[in-house]
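Residue numbers (the numbering used here), protein chains in the order written: chain A, 7 to 244; chain B, 7 to 244; chain C, 7 to 244; chain D, 7 to 244; chain E, 7 to 244; chain F, 7 to 244.
Hint data in this document are derived by calculation from the structure and do not stem from the laboratory.
These numbers come from a predicted model, not from an experiment.
Any given hint could turn out to be false.
For lysine-lysine, the following DSSO-like pairs were computed, each having C-alpha atoms within a straight-line distance of at most 30 angstroms [said to hold, decoys possible]:
1) C:K114 / B:K46
2) D:K153 / C:K13
3) F:K46 / E:K46
4) E:K46 / A:K46
5) B:K46 / C:K46
6 protein chains.
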Amino acid sequence: MTALLDKIGRVGTATLTTQLMQNHGLFNASIRGVAPVNPKSCRFAGPAYTLRYLPLREDLLPRQHLDHPDNRMRPAVESMPAGAVLMLDGNGRRDVGMLGGNLAMRLKQRGIAGVVTDGGMRDLAEIAAMELPMFAGGPAPPPSFAKLMIVDGQCPVAVGGVTVFPGDIVVGDGEGVVVVPAGLAEEVAEGGLAQDHIEGYIHRRLAHGEALPGLYPPSAETTEAYRRWVDAGEPDDF
Amino acid sequence: MTALLDKIGRVGTATLTTQLMQNHGLFNASIRGVAPVNPKSCRFAGPAYTLRYLPLREDLLPRQHLDHPDNRMRPAVESMPAGAVLMLDGNGRRDVGMLGGNLAMRLKQRGIAGVVTDGGMRDLAEIAAMELPMFAGGPAPPPSFAKLMIVDGQCPVAVGGVTVFPGDIVVGDGEGVVVVPAGLAEEVAEGGLAQDHIEGYIHRRLAHGEALPGLYPPSAETTEAYRRWVDAGEPDDF
Amino acid sequence: MTALLDKIGRVGTATLTTQLMQNHGLFNASIRGVAPVNPKSCRFAGPAYTLRYLPLREDLLPRQHLDHPDNRMRPAVESMPAGAVLMLDGNGRRDVGMLGGNLAMRLKQRGIAGVVTDGGMRDLAEIAAMELPMFAGGPAPPPSFAKLMIVDGQCPVAVGGVTVFPGDIVVGDGEGVVVVPAGLAEEVAEGGLAQDHIEGYIHRRLAHGEALPGLYPPSAETTEAYRRWVDAGEPDDF
Amino acid sequence: MTALLDKIGRVGTATLTTQLMQNHGLFNASIRGVAPVNPKSCRFAGPAYTLRYLPLREDLLPRQHLDHPDNRMRPAVESMPAGAVLMLDGNGRRDVGMLGGNLAMRLKQRGIAGVVTDGGMRDLAEIAAMELPMFAGGPAPPPSFAKLMIVDGQCPVAVGGVTVFPGDIVVGDGEGVVVVPAGLAEEVAEGGLAQDHIEGYIHRRLAHGEALPGLYPPSAETTEAYRRWVDAGEPDDF
Amino acid sequence: MTALLDKIGRVGTATLTTQLMQNHGLFNASIRGVAPVNPKSCRFAGPAYTLRYLPLREDLLPRQHLDHPDNRMRPAVESMPAGAVLMLDGNGRRDVGMLGGNLAMRLKQRGIAGVVTDGGMRDLAEIAAMELPMFAGGPAPPPSFAKLMIVDGQCPVAVGGVTVFPGDIVVGDGEGVVVVPAGLAEEVAEGGLAQDHIEGYIHRRLAHGEALPGLYPPSAETTEAYRRWVDAGEPDDF
Amino acid sequence: MTALLDKIGRVGTATLTTQLMQNHGLFNASIRGVAPVNPKSCRFAGPAYTLRYLPLREDLLPRQHLDHPDNRMRPAVESMPAGAVLMLDGNGRRDVGMLGGNLAMRLKQRGIAGVVTDGGMRDLAEIAAMELPMFAGGPAPPPSFAKLMIVDGQCPVAVGGVTVFPGDIVVGDGEGVVVVPAGLAEEVAEGGLAQDHIEGYIHRRLAHGEALPGLYPPSAETTEAYRRWVDAGEPDDF
């Protein structure tokens, strides 16, 4: 897993979506409507750990208290494996904050790789200072139990319009967050690294003023030149 | 259960929401964004039987075929108890139809009390002719597997912004659909029948031209007059 | 006023918007997002009587009870002049019903010309049976005090994106509802009647198979022919 | 063309979307957000004739007058072939009406098969009385030139989120409107008729109380029984 | 008032919403859909001074000119008390800017504590440079009189879905803006300061790696330890 | 053209909208829902070069490949004139990225003045580093061909609700992007420069603590003082 996460974590999310679409027929992998709480600390990759919310039913509100024996948040925070990505299905609600600074601090301490929710987020400044990669729908002072309740965990959920199964590989960077099905992650990581590498080569040539035809998308000749450049140790001048 | 459904099925949905709000503190019980497929056949009451959908992941599409051994729709249709209300969490998507005429026909044959979804619906004319009470987000020719997949059943779901647990009592009429938590249904039914009855009495007096003050909301005097009228056998002239 | 309402009440809402745009520079007069509760009883014209709502603040909820001395609904219903149109600024909320059957019955008894709201409506079947012209955003079982509170009356409000001042002339038909500033109503009524009349003449000629050029929009020749037809007593054959 | 339209016009729109998805990989063919002006007269099929609108630029408003030499609406109405379907890209605006009664009357006289727009519509009662199949986003009294202008015609457009090329086959019924690419229409019509026929057979058996397994989707055995039933002349009892 | 503002201005908005919900039953106090124009200058607290807008009626446009004798903006800007917070009900319109640089400069000079609107804002760079705390729905070059008109002032309004009465205490920080009813502000300020203080203590212990159970939410033992820590002068090591 | 662009490029977008509204009756010139990819590099002015997209039809997907002979993107990028502004009608879709780093690099090399789209954008960090002024609806990793296809170029399009004709002058700054019809650009530029200049003068006086009446909007006396100040060489102290 570590090797896979190391590889896939170096692939940009834009490239991951291209790989998923063109090689695997998956068109709906990029979470919509989220932004990084701290743009300088937004790169992460890890397996999904999910919590599912539904609209609050007031008679069940007591169960949402962190100390209630049936509450699912506290055991999740204390038991989810280090390196996992906490995926909170916030029903797309921007008017409540799914977490606040104290839970985020504990997640950080427990070595969580990242947090993603299509709901809002509390205590943004406090969280941004932690360097815990976190994506949310936006700032929202009110606590989530104003509108939502946790009903289940480690089950399939939807975050930002994308289905996530526990164990799917979730990757984030400055562009956004992409969900890669666990069984495809190795192949997607390899394909993505290769794509990013040749596109970086093309980028340099474009930066030298070359025109698109033949260069991008690469013709057979360009691909051959790329291979020679790689074989030559990727020299700065070419 | 039959006695309860008989009672609660005679209470209007507007009254049910008032009862839930004023006597039980539940403010979010009325399903939003749905309309009856056949307004002449939209009255129903029964316990919820739920199916949960998530956005389609194309690699899992084969499981959505009705003949796939993992498909959850066919066993649900064949095994859900007569009198139950099928609650389909369509993720609020209006661009796909959750069911079509053939599944609806089988549900009708199996004695299902009603179907409610915040997704779209196919074959509306065919379904309207069946007199199967059904509420949906609107007509939608495309099949649901274009965008959605079933992931679970008989679990809590949200339909039209309202959380539904299996076994909750669902009631529909021309106004809409209301979800009553199972444990409150008896009390809500009794309170609702009483409320509807006195409001009907007030309605008659208003129709005779009386003014609101003292009459609606009823003063102690009006309540007393109502009781006398009930004791007198609810005569037409009063 | 009666003569004006009689005239303007015979002009279609589509024609009224054309008159307001072309002759008075008013582009925003047609209320959006409302539909008649009873399409067979939706024609009305009368001066606006307004009530203003804002999002509920729970500490002020008691004032929303119809019996509270500060409640504005009951005095409005009992004192607004017969022939007026009740305009309820429902903040565009479709999840609560602004009125129910009993208040509607009293409005009907008091000779109100119509009710328009961009909020939801309760007890639709009961209201439809009253033949009280009413436009609303849709059915909504929950009472309005779940989300809204009345804060003012007989002040300017917005209904469905259109500003309404008390006394503006409000006209409804099967197409929708249009607000005509009081000071323009006479001129708009005259212009509208004239427009509808010549368009009806053109409609007949189109129905006989004539082509658009010269006929619609009418050329000088067509206008002349129209005048002759009027002078001739509007004969059926022409 | 006539034979094709006759065939495809007998296939329901729900079936057409299934054919396009399963056999041709087209997932976005069903126009969203439109409803029939007259539900009793909503069945049509014909080749698309398109008009393209953009947000109004006030300096170009004079060109939108039907009598302006550059106006595209009048020549379109007078020259589009009988049997065509007028597709108006209304930019999804519900606050203006794309056509009114007089233009609709002329379209009816010219033998147009139908009109579809994701914009609003004026003069609905008048149009409903014409039995001209028309789908629109809803009623809207104001004329379209309040917000929109025609910029082109017989070019590709989008209506209700679906791309339409001139000449694509457009089919409408009570469920909605589906766009079939011209080159696929024959195959889709054949496939759709076959699908509707066997589903009708299954529907009858379901109506007799048979269970889904083996029957729907049809097993090889059911398909065989269906063929025998067809060969036997489709008897009422089977 | 100064002492109150000093206290409540040190409480975070997330904490204020918790206090309002748990101790006063107010669930709708956090303004939605606004962001600070200058995130480095967004902290403020003061009593609300309100202006109410409605959709423009073109015949009343002249009154919106700042020099018109009936214009309400100029007298508001010149007469509102220093320290007040200007609350502009922008009807949630993001396509027009409620204020520009010159009015903002005057507000800054007059000692206004802050400006909040759910409408758009012009001249953002100029305003950001003033260090005038301002929250708006986003940048919008067009002036507000393109779509809106002021109709009233110092009356209740809604900003971002939250009702504001003149004199309510409005507090802003990096998370957002919260409205505290005037009568509750003292109690909310006290409760909020106490909550923030113990949560800060817990935050430090979490940062040292302690687990949630017993610590957050605090058990009786933790509360006791907190009190001892306070009594000991809040030492850095504990 | 250079002189015009130099002039109009110094006018703020807020001022441009005021000029267009007050002097030319154009109320819809400011593109909605876009933000600069790099706020430090967002100032541009140039003539529009347009590309039009429609929802993808899967059978036409091959044409969207940059190497397909019918693809319109590559020839546009290689042939559009230096100094032009690329306007991409992204149908307002935030879920796909209209361009990525490599095409942006080529546009930068070709001397394009700016790029504006109401769709999403890929590779934001890479693009921000290029100092290519670009406005988009937000980050979106997936490539545009997941949902959209190019159907035409150098035709009128709508971007963010505003109609753009090829050759219209497009101006961007930190506030947003405004479209100025080609024929009005000279007059708007002159008017805008004059407006900005006197408003800057007023701004200084406001910053010295003067009150609004007579100063803003400027009275005849203030205008006279402004002229004297200009004639005196715009001295710092006045």
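Hint-by-hint comparison with the structure:
1. C:K114 / B:K46: holds, 26 angstroms
2. D:K153 / C:K13: holds, 28 angstroms
3. F:K46 / E:K46: holds, 17 angstroms
4. E:K46 / A:K46: holds, 17 angstroms
5. B:K46 / C:K46: holds, 17 angstroms
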